[in-house]
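Chemist: Using the sequences provided together with the hints, build the complete structure.
Numbering-wise, the sequence shown is residues -15 to 114 according to our numbering.
Keep in mind that the hints were calculated from the coordinates and are not lab data. Check the hints yourself; a few may be wrong.
What the hints assert, rightly or not - Estimated spans, in silico, between C-beta atoms of each pair:
hint, residue 1, residue 2, range
1, A31, G64, 45 to 55 Å
2, L94, S(-5), 40 to 50 Å
3, A35, A57, 17 to 27 Å
4, A37, L72, 31 to 41 Å
5, V75, G36, 21 to 31 Å
6, V75, F14, 17 to 27 Å
For each residue, glycine too, the CB sits at the ideal point set by N, CA and C.
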Amino acid sequence: MDHRPTAPAPSPVRWLLGTTAGLLVWASSFVVLYAGLTLGCEAGWHARRLAGANLLTVALAMAWLAHLVALAALWRWFGGWTEPLRRLARVLTAVALAATVFTGWPLLALPPCAGQTLASTMEDDACSRT
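Modeler: Structural data, given as structure tokens:
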């Protein structure tokens, strides 16, 4: 028989925040990376160098890393919860982590603003035919 005290259930607000926090971090990551890429391309950050890489990739990678660290910290936040709630919160956080990794990995694999260059080339070709 287990005589360890069980942790009290968190308040409804803490439970709601805890179970959705991982997905909120993923949504924040998605918006920051998408907007950062757009604004960085327009500002020409992809043409500036920093630490052997372009400034835009470094800035976006740092933002992505900050979101991954936030998800890792969130994982430990559920320590005092009852087992079913902790399991639910951790499953949702794991889904958010997978989505954040999937959303951010192209930062490391693809050059930034390549699509913008291709689109401007296509616009120039379309304009020259008319």
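Chemist: Taking the hints in turn, state whether each one holds.
Modeler: Structure-based check of each hint:
no. : hint                    : verdict
1   : A31 - G64: 45 to 55 Å   : holds (49 Å)
2   : L94 - S(-5): 40 to 50 Å : holds (43 Å)
3   : A35 - A57: 17 to 27 Å   : holds (26 Å)
4   : A37 - L72: 31 to 41 Å   : holds (39 Å)
5   : V75 - G36: 21 to 31 Å   : violated (39 Å)
6   : V75 - F14: 17 to 27 Å   : holds (20 Å)
Hint 5 from the earlier list is the only one contradicted by this structure; the remaining hints agree with it.
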